[in-house]
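Novice: Chain by chain, the residues:
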Amino acid sequence: MLSFTPTDEQQMLMDAITKLAAADVRAHAHDADEEDAFPPEILQKGWELGILPASIPEAYGGFGEYSALTNVLAAETLAWGDLAWAMAVMLPATVANPVYLSGTEEQKQRILPQIAAAETLPYFSTALLEAGISFDTHALRTIAKREGDHYTISGEKCYVPFAPEAQMLLVYAQDSETGKVDGYLIERGAEGLMVTQREKLMGIRALPTYRVQLNNVRLSAESRLGGEAGTRYERILSHSRTALAALAVGVARAAYEYARDYAKTRVQFGVPIAQKQSIAFMLAEMAIEVDAARMMTWEAAWQLDNDPSGDHTAESYMAKEYAAKAALFVTDCAVQTLGGHGYIREHPVERWLRNARGFTAFEGLASI
Amino acid sequence: MAISFKIPERLLQEREMLKGIAEGIMRPESRYLDEHEHERPHAFIKAMWYVLREEQAKALQRLTNGGEKPKREGAGIANLRLVLLAEQLSWGDVGQYLCMPAPLLAGSAIEAVGTPEQKLRFLKRFAEGEPKWGAMAMTEPGAGSDTSAIQTTATFDPETNEWILNGEKIFCTNGKLALEESDGIVVVWATVDRSAGRAGMKPFVVEAGTPGVKIGKVEIKHGIRASDTAAIVLDNARVPADHLLGSAEVVRREGTAGFKGAMATFDASRPMVAASAIGVGRAALEFLKEKLAENGIQIPYGAPYHSLSAVQRDVIEMEMQLKAAWLLTLRAASMLDHGLHNSLEASMAKVKAGKVVTQVTQKAVELLGTLGYSREWLVEKWMRDGKINDIYEGTGQINLLIVARRILNYTSRELQ
Chain A
1 MLSFTPTDEQ QMLMDAITKL AAADVRAHAH DADEEDAFPP EILQKGWELG
51 ILPASIPEAY GGFGEYSALT NVLAAETLAW GDLAWAMAVM LPATVANPVY
101 LSGTEEQKQR ILPQIAAAET LPYFSTALLE AGISFDTHAL RTIAKREGDH
151 YTISGEKCYV PFAPEAQMLL VYAQDSETGK VDGYLIERGA EGLMVTQREK
201 LMGIRALPTY RVQLNNVRLS AESRLGGEAG TRYERILSHS RTALAALAVG
251 VARAAYEYAR DYAKTRVQFG VPIAQKQSIA FMLAEMAIEV DAARMMTWEA
301 AWQLDNDPSG DHTAESYMAK EYAAKAALFV TDCAVQTLGG HGYIREHPVE
351 RWLRNARGFT AFEGLASI
Chain B
1 MAISFKIPER LLQEREMLKG IAEGIMRPES RYLDEHEHER PHAFIKAMWY
51 VLREEQAKAL QRLTNGGEKP KREGAGIANL RLVLLAEQLS WGDVGQYLCM
101 PAPLLAGSAI EAVGTPEQKL RFLKRFAEGE PKWGAMAMTE PGAGSDTSAI
151 QTTATFDPET NEWILNGEKI FCTNGKLALE ESDGIVVVWA TVDRSAGRAG
201 MKPFVVEAGT PGVKIGKVEI KHGIRASDTA AIVLDNARVP ADHLLGSAEV
251 VRREGTAGFK GAMATFDASR PMVAASAIGV GRAALEFLKE KLAENGIQIP
301 YGAPYHSLSA VQRDVIEMEM QLKAAWLLTL RAASMLDHGL HNSLEASMAK
351 VKAGKVVTQV TQKAVELLGT LGYSREWLVE KWMRDGKIND IYEGTGQINL
401 LIVARRILNY TSRELQ
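Sequences listed follow chains A and B, in order. 93 is the number that full-length UniProt numbering gives to position 93 of the first sequence; each next residue is one higher, with no gaps. 409 is the number that full-length UniProt numbering gives to position 409 of the second sequence; each next residue is one higher, with no gaps.
None of these hints come from the bench; they were simulated from the model. Only a predicted model underlies this, so the values are computations on that prediction, with no experimental measurement involved. A couple of the hints might just be wrong.
What the hints assert, rightly or not - No more than 30 angstroms apart at the CA atoms, straight line, and that leaves these computed lysine-lysine pairs for DSSO-like:
#, chain 1, residue 1, chain 2, residue 2
1, A, K264, B, K387
2, B, K291, A, K325
3, B, K221, B, K291
4, B, K221, A, K325
5, A, K264, B, K260
Whole structure, please, built from the sequences with the hints as guidance.
Specialist: Encoded structure:
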């Protein structure tokens, strides 16, 4: 039966995230963007919400049940607080979810309990993206070569969050023989793995991301996600796209709400500017696009939950494309609504516009 | 409650049945009816009448059995069912879909503000005999979006216990089918007090054959040519006192309950218009994809942006937009089924779908080149048909205004 109401538990989770986001996260977001980092205690508070352990089953050390829908609801709300914060808090999920969705039993038993039991935000990070004007998830330049009972991986990755701190990296590489993309679990300190530089991005500045070089990094065959069967890459990408869509909706909603409230208090020509159709119509379009993007995201997540073995490339791709466009449109309109004030960094809308622009470049940077 | 996009199995089966009607009965007649405006889709009317008459009879039976609506556990599916029907039949042919023999908007008004006795009395005809139509007459030459400006008057004659209606209505969908070509009804909105604004607006049921009621001009249109859009002239038309719809509260002079009742019908009709728009858009998109595939152009998902052609990007954009509009429509309909207030969501869906069908069908004509523009194919017709959805039941702009007022919590005075 069709329904658009979250469960009570989901609503409670969203309320808890909103409370933290509205108070602590929003209060630090401006400075975090200027200073290129969130205070560790703010990241820690996000981790203590327990979102990821709650989506890991008990058999693997968690205390919940996996649900893509619950996770997109959480992701939207986290990003409503701040995108960089949301991505940092959700970062362990970019390893945990692929392991859960595609790992061997041994990999699940080894990795998931570590993450689920972590009291402080554990640094498990992901390396998928590569520098270039056109990134293709199916034509990676990072190559994995099978040599007997091990692999060697070479290439360069970009946008790797918290790479220096990461105790484990999930690196995606293309098989030199078959061309198939798999994930490889690489422990901290592996020989040939080198973090080269902190990147300087237009937005999400409070999320530290790095370039990472892999020079003939030698790995055991068991390091490949999914082992001999290989990695269910399409499925991982579908989950990642849907997660990014949810984050984009969160950014869009934040900007829409801010602009709406501003327009009701900003008086020009003797009335709040929201009473002018040119502003009111823009806000109405923004509201529609936020909701439309959210519906696309929910539907993709619902498909992932309801038909876990199906191919959800199209739904997740469209959800992400739609939400990315909507986020850019809505944040741009928010800056426009505030006019000159929107362009000043005292207001968050210009930051949200910078953050929203990234979604077309992002792949694999989040997971649900 | 949990978020779910699951459509009940029996509604999916019903949609398959409607698809059969769309493909087997509507599509073959589409071009002919477009080129012979004001001729009727007889085959479609006949096919639908048997089904709809049966349903109306069952609904009235439930009403007679003392119940308003049957008590059921949880949410209903009535509105979901209607949007699925509107979408699928409009995929067939939106002009013919509009000729569905049913109470339609007259029914919505009667359901919204009529007493149980009035429902039985006025809707009974739709459960028996030959096909009949219901229609609603609101718009006037000087009152389009500004419905409170209507000039048609209703004056009570205590001697005969009748209302006397005078004025001119235009753009009445199915007006001619209801009043001249069947034993149908039209709900006419008239003012009992021009100085009272909305409070003076009341709905009157006018039956076919009422003296003083005449069908005026039947419009020649850009699209939906199978559907009649008629002017109705009311020249001292007399209707009995109990043709004024509603309880004592609606009927009394002061108060805007009657007008609010009219507005409430939009909560159900706007998702249907949105669904209809999406049906037309889907028809165009599917046809386009089929023709592109015949020409070796496939639509890849998940491919990097740089590898896509402009045409592939356009098609993905069309598909995304249609899907977004459809999900907003499902939400608006489902909220009504759950007993939730949905005026905001209904207008959102209507704005989005009206815009999307316009863009999608225009793009489909463009991408099919000289053949897209040709009347040999139906795409150019779908473009003309689709546009109506951005206009009737409140233009895109009026619905955007409604969305704006609701999200800003402004009255119609504060945001004009």
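Novice: Does the alpha-carbon distance linking B:K221 and B:K291 stay inside the 30 angstroms limit?
Specialist: holds, 28 angstroms
Novice: Does A:K264 pair with B:K387 here, judged by a C-alpha cut-off of 30 angstroms?
Specialist: violated, 34 angstroms
Novice: Given the hint that B:K291 pairs with A:K325, test it: the Cα-Cα distance must not exceed 30 angstroms.
Specialist: It holds: about 28 angstroms lies between the C-alpha atoms, which stays within 30 angstroms.
Novice: Can the restraint linking A:K264 and B:K260 be considered satisfied, given a maximum Cα separation of 30 angstroms?
Specialist: With Cα atoms ~27 angstroms apart, A:K264 and B:K260 stay inside 30 angstroms; holds.
Novice: Checking one constraint from the list: CA of B:K221 to CA of A:K325, max 30 angstroms. Satisfied?
Specialist: violated, 36 angstroms
The earlier numbered hints that this structure contradicts are 1, 4.
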